[in-house]
Amino acid sequence: MAANGLIPQKKEGGVLLKAEDISLSFGGVKALSNVSFEVHEHQVLAIIGPNGAGKSSMLNCINGFYHPQEGRITYKGVTRKQMKPHDAAAQGIARTFQNIALFKGMNTLDNIMTGRNLKMKRNFLLQALYLGPALKEELEHREFVENIIDFLEIEHIRKTPVGKLPYGLQKRVELGRALAAEPDMLLLDEPMAGMNLEEKQDMCRYILDVNDEFGTTIVLIEHDMGVVMDISDHVVVLDYGRKIADGPPEEVRTNQDVIDAYLGVSHD
Amino acid sequence: MFYREAGQFKTGYAADQAIFPILQDRLFVIAVLAFAFVVVPLTANDYWFQAILTPFLVYALTALGLNILTGYAGQISLGTGGFMAVGAYSFYKLTTGFPEMNLIVAFLIAGCFSAAVGVVFGLPSLRIKGFYLAVATLAAQFFLVWLFNKVGWFYNYNPSGTIDAPPREMFGVLVTGAAAKPAVKYLAALSMLTVFALLTKNLVRSAVGRSWMAIRDMDIAAEIIGIRPLRTKLLAFAISSFVVGIAGAELFALHLGSVETIAFDVTLSFNILFMIIIGGLGSVMGSIMGAAFLVLMPIALTNLLVGGFGMQATSAKHLEFMVLGALIIFFLIVEPHGLARLWQIAKDKLRLWPFPH
Amino acid sequence: MGTVYDFIVLPLIDIVEYPLFFIEVVIGGLSAGVMYSLVALGFVLIFKASGVFNFAQGVLALFAALTLVGIMDWGIPAPLAILATAGVMVALAIAIERLMLRPLVNQDQIILFMSTLGLAYFLEGLGDTLWGSNVKRLDLGIPEKSFEFQGILLNQFELVAAGTAAVMVTVLAVFFHRTRVGRALRAVADDHQAALSVGIPLKSIWIIVWSVAGLVALVAGIMWGTKSGVQFSLSLIALKALPVLILGGFTSVPGAIVGGLIIGVGEKVAEVYWGPALGGAIEGWFAYMLALVFLMFRPQGLFGDVIIERV
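Residue numbers (this note's numbering), protein chains in the order written: chain A, 1 to 268; chain B, 1001 to 1357; chain C, 2001 to 2311.
Everything hinted at is true.
Straight-line C-alpha distance at most 35 Å; calculated DSBU-like pairs for lysine-lysine:
{"#": "1", "chain 1": "A", "residue 1": "Lys84", "chain 2": "C", "residue 2": "Lys2048"}
{"#": "2", "chain 1": "C", "residue 1": "Lys2048", "chain 2": "C", "residue 2": "Lys2227"}
{"#": "3", "chain 1": "C", "residue 1": "Lys2203", "chain 2": "B", "residue 2": "Lys1129"}
{"#": "4", "chain 1": "A", "residue 1": "Lys136", "chain 2": "B", "residue 2": "Lys1201"}
{"#": "5", "chain 1": "A", "residue 1": "Lys159", "chain 2": "B", "residue 2": "Lys1010"}
{"#": "6", "chain 1": "A", "residue 1": "Lys84", "chain 2": "A", "residue 2": "Lys104"}
{"#": "7", "chain 1": "B", "residue 1": "Lys1201", "chain 2": "A", "residue 2": "Lys84"}
{"#": "8", "chain 1": "B", "residue 1": "Lys1010", "chain 2": "A", "residue 2": "Lys121"}
{"#": "9", "chain 1": "A", "residue 1": "Lys159", "chain 2": "B", "residue 2": "Lys1129"}
{"#": "10", "chain 1": "A", "residue 1": "Lys121", "chain 2": "B", "residue 2": "Lys1201"}
{"#": "11", "chain 1": "A", "residue 1": "Lys84", "chain 2": "B", "residue 2": "Lys1129"}
{"#": "12", "chain 1": "B", "residue 1": "Lys1347", "chain 2": "A", "residue 2": "Lys104"}
{"#": "13", "chain 1": "B", "residue 1": "Lys1129", "chain 2": "A", "residue 2": "Lys121"}
{"#": "14", "chain 1": "B", "residue 1": "Lys1129", "chain 2": "A", "residue 2": "Lys104"}
{"#": "15", "chain 1": "C", "residue 1": "Lys2203", "chain 2": "A", "residue 2": "Lys164"}
{"#": "16", "chain 1": "B", "residue 1": "Lys1201", "chain 2": "A", "residue 2": "Lys159"}
{"#": "17", "chain 1": "B", "residue 1": "Lys1347", "chain 2": "A", "residue 2": "Lys164"}
{"#": "18", "chain 1": "A", "residue 1": "Lys119", "chain 2": "B", "residue 2": "Lys1010"}
Derived DEER-like restraints, expressed as beta-carbon distance ranges:
{"#": "19", "chain 1": "B", "residue 1": "Met1170", "chain 2": "C", "residue 2": "Pro2276", "range": "43 to 49 Å"}
{"#": "20", "chain 1": "C", "residue 1": "Val2105", "chain 2": "B", "residue 2": "Gly1172", "range": "57 to 63 Å"}
{"#": "21", "chain 1": "C", "residue 1": "Ala2095", "chain 2": "B", "residue 2": "Tyr1013", "range": "51 to 57 Å"}
{"#": "22", "chain 1": "A", "residue 1": "Gly77", "chain 2": "B", "residue 2": "Tyr1013", "range": "36 to 42 Å"}
What the hints contain is simulated information worked out from the structure, not anything from laboratory work. This structure is a prediction, so every number in the text was calculated from the model and none was measured. Glycine included, C-beta positions come from ideal geometry on N, C-alpha and C.
Chain A on its own, in the form it takes in the complex (with noise of 0.2 Å):
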């Protein structure tokens, strides 16, 4: 499936999430219209476009952040009603953004830790105390975060407040915070903007990575094409909220519509 046909033969599952029909407009403007799309389960979906097509919205309309005016949204078999955010992180979908979110007044362990915090369960009167259970659980987290370290390579920059860091860590730092909560399912949006080559090559390895051995499901959006025919199993391209094409990248990247969108060529 993947095209540098380095990547083992993997085995897609079904539908993990359903996209039907989806329109959403803000005021006058449509940001999305009937855009219909599945994601299966392990693979490694990219959603790409040109600037302003409705990408990112489209993120934010499968985690729950904006509520699509029509359409429907099916994950793990359930259609969903009005969801919102935090939601959609406890069933499992985390994400990274395209300008970075992380919390600046906080470390990169602490802002890791963030993502863990739908598993702690103590209460907030045994964690005054730092006893017992509650400290018990501080420190089993604390070794799961250490892992997901020690994956991205992060180490040396534990104890560093994130708001110091080049933009490269800040953008591993971030992947670190969604890969903390486990999901099943990871959006990244244009998780390699702004890279240069070698970090991009580190992050493309931290994503194949995951994707191979937690068997998490991506959805990706990016710029670089390269990247993402080198990745991802499946493409679904957007233009002006609508999409223009759905499929495999070698048959994607042949598409007549999709060189068109990229070539600018004039809509009627």
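Take the given structure of chain A and dock chains B and C to it, following the hints.
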């Protein structure tokens, strides 16, 4: 030279997560506590207890409470005085209505009342943010103070409108009321500050604290990773108001002894806010340092201007306002993260001393 | 504390039976509201152009009024004294920009807010040190006679105040929308960085906006000072202007005006008709509660745009 961490190895995550991971820090804190609990009560005179030490401890606790809400959870509150009033009046009603009640229980229940009121006034925080919320908390400030002033039941229909701390004992020692020894009041305030500082520190380095800071730093991202904004903010309002309420009860019962609602007016709210800004937002140590600064500074200034330069008390008061205002601006320019950050920088320097790097 | 009857039935009977008195109450509220609007206007100007929540606006009004009275005490005629005070306010704006805003550029909003609290303390102390803290009369010869119009008791001073406010708002609206400086101000309000990058000098913009806010404060100080004497309590009208702001929105000039009028009228009507049932003195918090309830339904304020959040 003597402040080095070389040779101190951490062998587990628990050790790495200790409040004072460096041995010298631990020794220093133990020394300070021993001094405060043993040496001070034996040596200080009544003026120091009443005019400086007890108010400092009370304000430090208040600042700590506000810092939970504003410094950690990022919700600016200008209603601190109102919540302190809830604590003070609850404590008054409890100790006069149930004379046998254990004082610790009375303080805790007073805190609970304040927490409940805090939650009610925290509800708008879901929909409104930033300065809009700050202005909304002023509603709590003005409404609560008005309420305690207007409804006679709260001050037991005392014709003068004041409430007086009744004499109550704890472990056979008089703690509240005019006859209680200043040293006893001091120790009571010191104990409560120590306990709450520790509890707060624990809370802010746990999951609850991280969710507060997440909401503070970027509320949208926090919600998307699964933090429930309303629940998190309301918990901050509740715990903050709880601490502030207890501090209000202390201000009444341990420091002033007899108060009217004017003691809890909006000026008090601003002063507490000054304390945490100058001390350091989002820092337990900062709350305490800020309180010390704002208690000591006016006293020092008055002594200097009236005692030193022989100025008239009223013009000294005006000049004091000017100096205080200028100092606040000066501090914000020099170190917007407050005294706590200066302290941290000094410690980092000391760690390397005598080498520059 | 009264009963349901006191709360609902009695006020309505009063309103229906004495409509003229009700109108007088409303007019009284409007005239107080104009004052709130004037202070709120100063807030809005500064917030719009610099994102600074200027708590010192009320003290600025007090300081202006104190300075004016002080200068007039030297025997200088009113128009000259007003000009001189305006000069002082501009000088003050320059000093504030130099000594306070410039070193704090790029700091968090809460830090800037706290610095204006410091400024409020400083100016209050400075005003009292320079001019003394006793209550002073401010008499610029604005007529204060009461007269009757169609059975309604009116006061000339209130009409003058309303007229002044209307003129101020018009001038400011023209200034903002028709002049080069005004456009630059609006650009700065939208985005500091972007404004800087197209060559708008941020520093002079801040001086201008603080000067304008200072002049607005001077007008507010004159009006309020004439009405109730120049004293410390004048700085407290800042606290009255805050609910106006959340009602009208921090960045809306019309919001400040309309919000001020709504708060003024609401407060007076509530005090007259519902105050007795509640035990009186409710004007201290009523405006806040009104604004709070309003805000629950419309978080962006009266004239604010719906906020679209992005990630």
